[in-house]
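S.K.: Read top to bottom, the protein sequences are chains A and B. The opening position of the first sequence corresponds to residue 1 in the working numbering, with each subsequent residue numbered one higher. The opening position of the second sequence corresponds to residue 1 in the working numbering, with each subsequent residue numbered one higher.
Simulated from the structure, these hints should not be mistaken for lab results. Treat the hints with care, since some could be wrong.
Said to hold, decoys possible - Stretch-level coverage of chain B by chain A, calculated; a stretch enters the list once three of its residues show a Cβ under 8 angstroms from a Cβ in chain A:
no., stretch
1, 124-132
2, 140-146
3, 171-177
Predicted model, so just to flag it, every value in this text is computed and none were measured. Glycine included, C-beta positions come from ideal geometry on N, C-alpha and C.
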Amino acid sequence: MQAAVRALTIAAVAATAFGAGCGEDSGRDAAPSGAGHPVQQVALPKEISSVGRAHVAGRVLREASGATATLDERIFAPLVGDLSPTAALSADGRSLAYSTWADAPGVDYRHLDAGDAIGIPSIRIHDLRTRSEQLLALGADSFAWRSDGAIAYVRANEPMYRSSSPYPGHVYVRRALAAQPERWSTEPGRYVVVGWAGSRLIVYRRPFGEQLDVAVFDAPGQARVLARDAGVVAIEPTGERLVVERGERMEVELLDVAGGARLASLHIDPESVGPVVYGGDWAGERVVAPGNGKLVVFHVADDLVLEHVIDFGVSAFKSGGISDARFLDDSGNRVAAIASVVEPLTLEQAEAGMEEFNAPGSAFVVTCERTTRACRRGPGYSPRTWIQLLDDSAGRRRR
Amino acid sequence: MTGSLRAVCVAICAAVVVALAAPPTASAWRFTFYKHTNIHSNLSFAWVDPYDGLVYSASWRAGSGVSTNACWVDHGWLPSGYYDMTGHVDHFDDRIKGRVWRLSDKRCSNGQLRTALFIHTEESPWHGQWCEPWCWDGDVDYYSEGCIKVAYPYDIGALHARYHAYGWNAHGWYTAPNALYVYG
C-alpha cells in the first residue's frame, strides 16, 4: 500500500473546474488577484535590460556576466524540446554539453510524410577552458550530467530520424567523457533522459506518440515506471523526490523516487492556474513550473501548496508561451524562463503557405522576483532561434 | 448542444475558397482547424461537390492540447500550417482507439517537431465506450496531448460519414497532401 495521499484542492476553484464557459479566455480574467491570492497579474516587461542569467541562443553562449562564447554548432533538439535540457554544465563547470541537429539533404519541412528522412540529432561537448569541442554521440538527443561527472544520454539505433517513426534507442551512461558507454536499458524504446535523482536516472518512455511515462533506472538494467501519462516538473536536488504533472487531469503530484509512493497531490484549476507543465526547477522547499503564460511556484514540504502564480496573461504570448523555468537563487525567490511571443496566423495567410515556423514574433529571457513580482526581460531573438537557459543543476546537486 | 452539425454551407464563402485553392497540391476536399481555445475550437470539412461544382462545408466543435503553446510536446495545441493526412483507420487500437485520421509531423515556432498527431475521439476500437479512458465524459475530453478531438458519438460519426462520402473512401496508411490547414 502506498503512503497516504494528501489531496489538496486550491480554495474556491474546484467548483469551477471544467465548468461552464467551455474554455473561454474570460475565465482567466475572472480569477481573483487581490492580496494574498496566489494568482497575480503581471505585465510582460517591454524594456530590455540585463537579466543576469546564462543561456544559449543558437550558437552563442551568453554567460550571466554578459561574456559570450561561440559553439561549433547551434543548439537544437526538435525531438526533445523542453522535455530535457539542451545545454547543461558539468558539475565542475568545465564542460558544456549541448544538443544539435543536422537536416537530412533535401528535407521539406512543409511535407513531413511517414518515412521521410528528416535529420540526425547529436550531442556535443564544448570545453569552456580550451574552447575545443568533441562529438559525444551521433543519433543522440537527450542527456544529463551526474554530480560525479558521469553523463547519461539516449542514442538511437539508427541515427537518421524518419518522420512518424518510433526512432527506438537505448539509454547509455559514461562514467567520464572518455569512458566507454555502458548500456542501462535492456529493451530498445523511445527514451528521453530527464535528469539524475542521486544515483538513479529519471527518464521518459514514450510508448505511443507524444505520450510520456516517467520511469527510473535504479541501476543498469533495472528500470521501473514511476508515473504513466506524466511530465517531470522538477527533481529534488537531494534526489529523494520529484514533482510530476498530469496534463489533461490538471494535477501535480509529489512522488518518492526510491519507493514510487505518491506523497501528495494537488488539483490545479484549469481556468485560473492550469495547466502546469514539465521543465521546471527545485530550490530549497520551492518548485517552479512553466504554466500557460505563467510562472507557477509551489511550496513543497510534506505537502504541495500553490504559493505564487505570476500571470503574464496567455494572450500576451499570442501562439507562444513560457518555458524552461529555473530558479536563480537557492532561496527560490528569483525565477528565470524563456518567453516566446508568436503572432497567430490568419486564414488569409494560407494563400502564402505560411506556417507557425514562419510566423513573426520574438523570444527572450524573462526574470522575476517572486515576492515583489518585479520582472525584467533580455534582448529579443527570432522565435526560430532555439534558446535554453543553461542547466547548472549538476553542480548544484554536488553542493 | 455540443456535437451537432453546425452548418452545411451552400454559399461559396471566401474562406473556404482560400482553403481549397491553395497550395496547388490540394485535394478537392480539406479539413480546416481554427484554434480558439483548447477545448472550444472549430474543425471544418469542406468539399467540392462533383455534380454542381459548389463548395460545401460542415463544422464541429473540437479541441486540441491543454495549452496554447504549440511547442509543448504532449501538451500544446497543434502548430499552425498545412498538414498532410497520412492515413485513416476505422478500428485503430493503441493508446488511442477507434476512428482516427493520422497527420504529418509539423514544426512549431522554434523548430520543435510535433509528432504522432491524429484527429480522433474517445471510443473503443469498435466505436463503443470503454470507461475509462476511452469514453466521452463531456467538455474535459476536448483536452488532448495535441491531437484534434471531436465529441462522441454524433460529431465523430458525422465527420466520418462526410469524409467517406465526399473525401476519400479509403482506409489504411496513405498520403493526402495539404489535407488539413490549422490557423489562429
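S.K.: Now tell me if each hint is right for this structure.
M.R.: Cross-check of the supplied hints:
With 0 residues bearing a CB less than 8 angstroms from a CB of chain A, the stretch 124-132 of chain B misses the requirement of three and the coverage assertion fails. Beta-carbon proximity to chain A at under 8 angstroms applies to 6 residues in the stretch 140-146 of chain B; the threshold of 3 is reached and the given coverage holds. Coverage of the stretch 171-177 of chain B by chain A holds [criterion: at least 3 residues with CB-CB distance below 8 angstroms; count 3].
The structure does not agree with numbered hint 1 stated previously, though it agrees with all others.
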